[in-house]
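Novice: Just need the whole structure built from these sequences, with the hints factored in.
Protein chains: 2
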Amino acid sequence: MDAYNYIKDAIVIGKYEPGMRLTEESLANELQLSRTPIREAIKQLESDGLIVPLKRGVSVRNFTKEDIKQIYDLRTLLEGYSASQAAINRTEEDITEMEAANVSFEKALENYEENDMNSIKEIARVNHQFHDAVVRASRNPHLHFHISKVVVVPLVYRSFYWYNLTQLQRSLEFHRTILTAVRRQDPERARIAMHEHIYQGRDHVMNHLDDIKDNHFLKEDAK
Amino acid sequence: MDAYNYIKDAIVIGKYEPGMRLTEESLANELQLSRTPIREAIKQLESDGLIVPLKRGVSVRNFTKEDIKQIYDLRTLLEGYSASQAAINRTEEDITEMEAANVSFEKALENYEENDMNSIKEIARVNHQFHDAVVRASRNPHLHFHISKVVVVPLVYRSFYWYNLTQLQRSLEFHRTILTAVRRQDPERARIAMHEHIYQGRDHVMNHLDDIKDNHFLKEDAK
DNA sequence: CTCTCATTGATTGTATACAATAATAAATCT
DNA sequence: AGATTTATTATTGTATACAATCAATGAGAG
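Line by line, the protein sequences are chains A and B. Each residue of the first sequence is one higher than the last, beginning at 1 in the numbering used here. Each residue of the second sequence is one higher than the last, beginning at 1 in the numbering used here.
Hints are supplied without guarantee of correctness; some may be wrong.
[Unchecked claim] Some but not every residue of chain A turned toward chain B, in silico, with C-beta under 7 Å:
(1) Asp9
(2) Lys43
(3) Gln44
(4) Ser47
(5) Ile71
(6) Leu74
(7) Leu77
(8) Tyr81
(9) Asn140
(10) His142
(11) His144
(12) His146
Keep in mind that the hints were calculated from the coordinates and are not lab data. We put the beta carbon where it would ideally sit given N, CA and C, even for glycine.
Specialist: Structure (C-alpha cells):
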C-alpha cells in the first residue's frame, strides 16, 4: 500500500487521532520510506481535507459536531441526487449489481454480531457496495468524485460500530426501497428514499455524539 | 506565486491546453524550481481533477461536453442548496456584502466592452464576489469546499468570454432576485432563483460548445 | 519488407544532503 | 524572579543524485 492510502486509513480508523501532529520524519520511519513520497501523500490528504496545515507541518483534522451535521446534509443532497439520476440512467446491469449488493448485505446480516470487528467491516463493505452501485448507475463521474470525498470522513466510517441489528435491518429495507424506485425509473421516489436513508444515518451519528462524554472526536483543534 | 497556483492558472486560462502532457522537468525549468515542489503541485492538481495520470506522467485534463453538462448540473444542485442555506443563516453583514458585490457588478457593467480582456476579468471577479458571499452566508465550509472544486473548471471560467451585455445584465437581475430572497429569508425562492441563474449559464456554455467547430476543448483525450 | 527482440534514451520514483526557518532551551540583564 | 535576548535543536523546503521503469529506436531473423 502506498503512503497516501496508509495514512488515510490510519486517520479514518482512528489510529492517528484528531489533533495529532504528523511529522514527515516519523511517518517516513513508520512506513520505511524517505520523506519525498510522504510529502506527496500529505499534500493530497490536505486537498482531501483530512489533515490541516499548521505553521509548521500538519495535524490530523478534528471534525466537530457541526462539521458532521453539515457533511451529512451534503451527503443527503448528493446521494439523493445520485439516486434520482440512477433511476433515469440505470441499465439492467446496474440493477443486477444493486441486487447483488443487497444479497451480500443480507448474508452479512446473518453473520452479524455486535462488537465483532470483522462482521462490522463486512457490513461497511457491502453497504458501500450498494451505494457505489447507485452512484455508478447515475452515470456521472463528477458526482462520484464529490460523494467519495464526503463519505470518507472518519466519523462516517466509524458510524457502523454504533449500529445494532435492528437498525442495520432497517438500512437494508431502505436499500430495497431505493432499488425498487430505481428499477421502476422513478427518480423522485429514489431521491426521497435515499434522502431518508442517509438522514437516518445522520440522526444515528448525532445521537451518539451527544451521548459520548469523553469524546475524543470533539476535542478542540490543537493549535 | 507557488507552483500549484501557477500551473492551475495556466490550465484554467488555457496556456496549457487539454491533452497536453506535462513533464516534471519542463515545468521545473519554466518555474525555475527543482522537481520536488513540482511533484507536490502535480499531486494536488490530480486531486482537483485538473490533470489526469498517464502510464508515465500526467496530462492536462480534457473536459468533454458531457463533463461540462454534469459539472453544471452539480453546480446547480450545490449552489442552489447554498442559496437556500444562506436564506436561513444569513446575517445583516452577509446582506451588506451581497449588496456590495451587486453594486460592483453594476459598475463593472458600465465599463464593460465585449472582447475587452480587462473588463471581462472584472466581470468574472465581481460575479465570483457575489457567489462567494452567498456561500459564506450559508455558514457551511464543506459546501464551500465542494463548490470551489466545481467552479474552477477551465470552461466555467472561460464562459465569461462568451457573454454579451444583455446576458450579463440578466445575470445581475438574477443576483438581485437571489439577494431579495435571501434577505427575506425565503430558502425555496433563493434556491430556485440560483438554480435558474446557473442553469442559464449552462445553456449559454452548451450553445457555444455546439457552435464552435474547431473546438480544442473537445479534442479526444490524448492517450 | 515486416515483425520481434534488444539496446538506448527519456522520465519518473526514491533517497539523501543541505539550507532556511520555526520552536525550544539557555543565558543574560534589569 | 521575570522578561528579553541569544544559542541550540528540530523540522520543513529545496535541490540533486541515483535507481527503476517505460518509450523509442534500430538490428537481425524470417
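Novice: Any hints from earlier that this structure breaks? Give me their numbers in increasing order, please.
Specialist: 1, 11
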